[in-house]
Structure formats: structure tokens, C-alpha cells
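Letter by letter, the chains look like this.
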Amino acid sequence: MKIKIIIFQFIFVFSVSAIAELVHEPARDREILDIASQLRCAVCQSQSVAESNSDLANDMKAIIGEQLDEGASSAAILDYFVQRYGDYILMKPRTDGVGWLLWWFPVAIIGLVLLLVFWQIRARAAASGVPSAVDSDAHTLDGDQRQRLQQLRDRQP
Amino acid sequence: MSGRRWAILLLPVVVALGVVLFLGLSRNPTEIPSPLVGKPLPAISGVDLQGELRQLPIRGKPMLLNVWASWCSACVAEHAVIVAAAKRYSDKIDFVGVNYRDKQPDAQRWLARLGNPYAWSLNDSNGRAGIELGVYGAPETYFIDAQGVIQDKKIGPLNETELRDKLHEIYGIN
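If you read the sequences in order, they're chains R and A. For the first sequence, position 140 matches number 140 in my numbering, and the numbering has no gaps at all. One rule links them: number in my numbering = place in the second sequence (from 1) + 1000.
Hints are computed from structural coordinates only; laboratory data are not their basis. A quick note: this is a predicted structure, and the numbers were derived from the prediction, not measured. Backbone N, C-alpha and C fix where the C-beta goes; we use that ideal spot for every residue, glycine too. The reader is advised that the hints may include incorrect statements.
A few chain A residues that don't get close to chain R, going by computed Cβ distances all over 12 Å [unchecked claim]:
(1) F1022
(2) L1023
(3) L1025
(4) S1034
(5) V1037
(6) L1053
(7) L1056
(8) P1062
(9) V1083
(10) A1084
(11) D1094
(12) D1106
(13) W1120
(14) Q1151
(15) E1160
(16) L1167
Here are the simulated distance ranges between beta carbons [as the list claims (entries may be wrong)]:
(17) K1087/A / A62/R: 33 to 41 Å
(18) W103/R / L1025/A: 18 to 26 Å
(19) S74/R / V1083/A: 41 to 49 Å
(20) E1160/A / S74/R: 42 to 50 Å
(21) S74/R / E1162/A: 35 to 43 Å
(22) W100/R / I1008/A: 26 to 34 Å
(23) S74/R / L1021/A: 29 to 37 Å
(24) S48/R / F1022/A: 25 to 33 Å
(25) L149/R / A1007/A: 36 to 44 Å
Could you build all of it, start to finish, from the sequences and the hints given here?
Written out as C-alpha cells, the structure is:
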């Protein structure tokens, strides 16, 4: 019984790898689809060239294939389309030029909000008279008091 | 007091966001500015519908390059506008067609039926010239000056007033 299960498992494992062999794509096709997936299908809504079967997307895939055969790098091929269709053709915006702003603007906004919140908390703490952790002694104590406070702090283990 | 300060701090942010959204959302998402505007027309060679060898760009005379196809229904309405303009202005501007992803006999029949305003039409049955020009589909029109530089591009059909305004604005033709 046990041996049967093991044999069955073997058959199962090998049959899966046999199927995997069948759907294996040639390296060139995979490379074409890889580049095509980074390009926007201009005539469809939010689809990449790889996913689209439109005439324009198919033409673009054919051009990608030809340029790969000529030895062009994927960056050069993406550039070829950007020169003709603009940055819009890229699925992922570039991080240079205006794209830089696009990537970092949200980060800057979050930073600004955090800064405002921090200031607000500090201002509120100061207004309510509760000393905040950050150098509030500096303006509530005079010279002697500060010195005494320092002495008290130093005495603590 | 502190609430008012918040409002003062937030006001420019809200106004800026409003302006950005107003400008952004009022744009037509299907209208994408071509990076080729302001640049020389890319070099394109091929045959026209008569089988004659042709090369672009041609310098010395302004050119209106119109991308069309017999399968394109929007081109039919635009075609009448192009035909009328070609009759009036062909001495000042070359009217050239790009027959985009079409079959040559279909294209010939279409021109025979609706009139041929073009000096010649490039046979772009495989859409390669289209990609060189950054074409999305038909119709599209490129306005090229005498130096071979693309001055403007229109995606979609042109109507009479639009074409007249463009010709005036780009070539100073009334």
C-alpha cells in the first residue's frame, strides 16, 4: 500500500515537470513580454502592451522582437518608444525630471504633516504649562535654578 | 487661536491641491501631448499607394501629414474638411497622407469614392511609419513647417474651424 502511494507520488511529481516543460517559452518571447509589460498599451485603458492584443500592441511587440534580434538592450528599446510616445508610454513613471517630483512629493507631504503635528504638540504642551521633554527648562528656569537642577540630576545614580 | 493657525497653514495646501486637481481633472485623458512636437519629423521611407518610392521629411514647403485609413469611420467626416482645405491651400502646403494599417485596394476605393486631397499617401500597411510618428490611431494630423519640424499634432478628426485656426496659427494662412 505504502509503496503504491510512493509510486503515485513519483508519477505525479514527474508529470507536473513534464507539463512545465510543455509551457516553457523560448527565451526571446519571455524577453519580449518582459519589455512589453513595461510599456503602456496606448489605445487601451490601463493595460500593458504584453497584456493587450490590439493591433498597435502587436506591432509594438513585433518591433521589440526585431530590436532584440539586432542586439538592442531593453533600456534602448524602452527609450525608442519614449522618444515617439513620451513618458506616458511607460507603465512605471521615471524617477528623473518631473518624475522625480512625482515620486518624492508624497514623501515630502508626509514629512511636512509630521513636522506640523510635532510643532503643534510642542506648542500645546508649552501653552498648558506642562514642561515637554525637549529643552523647556531653557526658558522657564533662570541661571541659578538651572544650575541646581543640573546638580540634582548629577546626584542621581 | 491655534485652530486658526492650523487653518492658515492648511489654506495654501488646500488651494494648491484644488488648482492641481482642477487642471488635472479638466484635461482629456485620451489626449496625450506628443514628444515629437517641436522636433524634426522622423526619417521615414516607403512606397506610396501607387508603388512609388517616397521619403520623409521633405523640406522647402510646409506639410500637413494626415494619418487615415479606409476602416476608420471618424476619417470619413474629417476627409471632407481635408479635401476642401487641399483645394484652397495646396499651393502653399503639401497635403500628404499616411495610409495606416490598411489594405491598398480598400484605400484606393475609399479615395475614389470620397476624393483624393493628398499629393500622395504612404502605404503603411504594417503600421511601422505610424509607430515612427507616435501614432495611436487614425485619424491624426501633423503640422510640419518648411524646415521639416513638427509644429503641432492633432489626435482625432479635425473640423473645419479647427483646421482653419491651425493653418492660420501655424502657417499664417488665412
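Given as non-interface: S1034/A, which should sit over 12 Å from chain R by C-beta: violated (7 Å)
Non-interface claim for V1083/A, where every Cβ of chain R lies beyond 12 Å: Non-interface label stands for V1083/A: nearest chain R Cβ at 27 Å, farther than 12 Å.
task: Evaluate the condition: distance from the CB of D1106/A to the nearest CB of chain R exceeds 12 Å.
output: D1106/A clear of chain R: closest Cβ-Cβ about 15 Å, beyond 12 Å.
message: Is the claim that F1022/A lies outside the interface with chain R correct, judged by CB distances over 12 Å?
response: holds (17 Å)
task: Beyond 12 Å from every chain R Cβ: check whether that's true for L1056/A.
output: holds (14 Å)
- prompt: Can we confirm that no CB of chain R comes within 12 Å of the CB of V1037/A?
  reply: violated (10 Å)
message: Verify this label for me: D1094/A is non-interface relative to chain R, using a Cβ-Cβ cutoff of 12 Å.
response: holds (23 Å)
task: Take the C-beta atom of E1160/A and the C-beta atom of S74/R, compute their distance, and say whether it sits inside 42 to 50 Å.
output: holds (45 Å)
- prompt: Are K1087/A and A62/R spaced within 33 to 41 Å by their CB atoms?
  reply: Holds: the Cβ-Cβ distance is about 38 Å, inside 33 to 41 Å.
field: Claimed clearance of chain R by Q1151/A, with the beta carbon kept past 12 Å
entry: Given a closest Cβ separation of 17 Å, the condition holds.
task: Over 12 Å to the closest beta carbon of chain R is the bar; see if A1084/A clears it.
output: A1084/A is indeed farther than 12 Å from all Cβ atoms of chain R, at 29 Å.
- request: Verify that the Cβ of L1053/A lies farther than 12 Å from every Cβ atom of chain R, and report whether the claim holds or is violated.
  value: holds (22 Å)
Of the numbered hints stated above, those contradicted by the structure are hints 4, 5, listed in ascending order.
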